[in-house]
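Q: This is what each chain is made of:
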Amino acid sequence: MKRFIGFIIKEFYHIFRDYRTLIILFGIPVAQILIFGYVVTNEIKNVKIAVLDESKDVVTMSIVDKMLSSGYFILDKELSSVKQIEPVFRGGEVKEVIIFEPDFAKNLEKTGKAGIRIVADASDANTGNLIANYTRGIIMNYVASMNQNLNIPYEIRALPRMYFNQGLKAVYMFVPGTMALIIILISALMTSITITREKEMGTMETLLVSPLRPVHIIIGKVTPYVFLSFVDALIIILLGYFIFGVPVTGSLLLLMVATVIYVSLALSLGIFISTVATSQQMAMFISMLALMLPTILLSGFIFPIENMPVLLQWLSAIMPARWFVALLKDIMIRGNGILFIWKELLILVGMTILFIILSIKRFKIRLE
Amino acid sequence: MKIILSIIRKEFIQIFRNRVMLPFIFIVPIIQMIVLVFAANLEMKEIKFVVVDNDLSSTSRRLTSEFTGSRFFNFRGSSFDMQSAEAMLAKDDADLIIHFNHGFEKDLRMKNSAPVQLLVNAVNSTKASLVNAYAGNIIMDFNRKIRMEWLGAEGNSRVKSLDISTAFWYNPELNYKIYMLPGILVILVTIIGMFLTALNLVREKELGTSEQINVTPIRKFHFIFGKLFPFWVIALFELAFGLTVGKFFFHLPILGSLGLLFLFASVYLLVVLGIGLLISALSSSQQQVMFLSFFFMLTFILMSGIFTPVESMPQWAQTVNIINPFAYFMKVIRMILLKGSGFRDIACDFYSILVYAGLILSLAVWRYRKVS
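In order, the protein sequence lines correspond to chains A and B. The first sequence maps to residues 75 to 442 in this note's numbering. The second sequence maps to residues 1378 to 1749 in this note's numbering.
Please keep in mind that the hints were generated in silico from the structure rather than gathered at the bench. Backbone N, C-alpha and C fix where the C-beta goes; we use that ideal spot for every residue, glycine too. Where hints are given, some of them may not hold.
[Unchecked claim] Some chain B residues near chain A, calculated using beta-carbon distances under 8 Å: (1) Val1405; (2) Lys1504; (3) Ala1510; (4) Tyr1556.
My request is simple: use the sequences and hints to build the entire structure.
A: What follows is the structure, given as structure tokens:
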């Protein structure tokens, strides 16, 4: 036991001696959460638009005004003909052109109808669609306010209420997502690299002939990272709470239990990668290529899983991050208890056991 | 010249000899691109909704069937008490509850107005606002319909309305795949280029073989050039390969000039390789390289505008993007491929990346020490 503790202490020294890695280990979660909180949002802001308004009357002016004062749009250019749209889009700055029909206000007064055309640059389909929807929403609101004092008969009023996230903050999605991403990357990456490093440098041999048992070597290697990953998780939760106001509605204890399970899963995945990889380079490529993009894209924290084709939905089911994100959303935002989340917890535990068994099977005590 | 050529040859032999790494360089990235492109869809189709109808009138039933008939909404059941409906919201089994109060139809007829409650699951805020907008549209259309029925054509006469038509240029079917594909390709090409360079160089350091090269007559410049050239070629090849796959599998439009794209890419890759070189000069072990590049990579990728538009980012983030190589290429590759932008449209980005390449390469070469 004393030997084992000595080994763990040695591993801690290894990590803390290397201040560059350490800075990054703690810098990553901070930087990531700030980036997600402030930079990466699906909300649109300051989108440059152009207006083609041959009518230039009170109504068109006030619609444009409504759009600009929403904060979503900035007026970049006033066009005078349809031919100008193409070059404006190709320049890449302007994302939307709004076209009002001639004699807009007159037509509206006379016939009760007038036409607006929204032309969106949809080379980015998601954003194009979003911008068009926002614009439509603003115009609809304007129409509603026009009609407000007209005493419309038989009016059905929609009363929306936002559950769990009244301010419609995007960070509510990103804090759980960042946590899942950072923990799996750091833990899997770090463990797989430290173990393959010993292999590559030939020091694994030295460790194997020492009186320490292989299990102890592995546990000793992993323990510091359990600690570090857990600290990272706490940093993210605290930053989310104090800077972005992401609450922890549910039980804190449950949150901790879930985090510990997820951290162990990530570490056992790291150990498994190290048994497969023969060099650090390979371990890194597996961790980077097989984990980073798939975790970002398939865990459902930027792009909703239910929108994906069925095949990808299955693929996302084997992403550990997906289940952890679901857990975090349940515990932190919806405040659900154990009755709602036992399934996800069980899946995480199952995955952990699977990776541990696979690693034990593949772990070689002898060198080839 | 001969020295450089031999180093280049040696590097190529070394890369292609390592059979285990080859699939990770050439096959895994392309498979990733093909698979992941499908994931990036924000368009809502299956909005799950539950109805709590305490009115059970013909009007409330008809409005419900309007939702059921819409291709955006997916009926998940009805219930009479809010508790069980709210539980479905909490379990993520529903995105929206539509609630009719008792007396909905009566109020509508007698008091001229009646509310419908929409309870939206807002954990995902983007989705919530779309759900709200779609639901609002359906209710408004239905409202016009019943006014028409109850009052005739006169009913809507006092209501002013605007005809809003929408046109999506360059991509009328809103195919998100052709937008994501170039973006993911940029990431993969960059990861390959940056990592291979940085890891390769620092590996020689770690294993002590750079020492052996240091005592040969090879000059610093020869060494660096010979090391970078193979990865530059591999990354360009990867780009071409990815574009070909995109063309055949996803009908990726290539509206602009491919020559211009590759011209830009070749300068861009100089920046990428330069950063790889700089990272390797600054670190002493592969582990450090990994962490440094991982940190910058993740940050730069997210800020580059691959998932979310750069224009929506705060001003400081856009300022930071000046040093973000991803951001330049991400923008330019999409402009050239999808919109057919010409050199005039991307000139500013091209010159910026050219200056950037000059700066980063001289910095990296200056930092690179032959003597440890």
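Q: To test your reading of the hints: which numbers does this structure violate?
A: none
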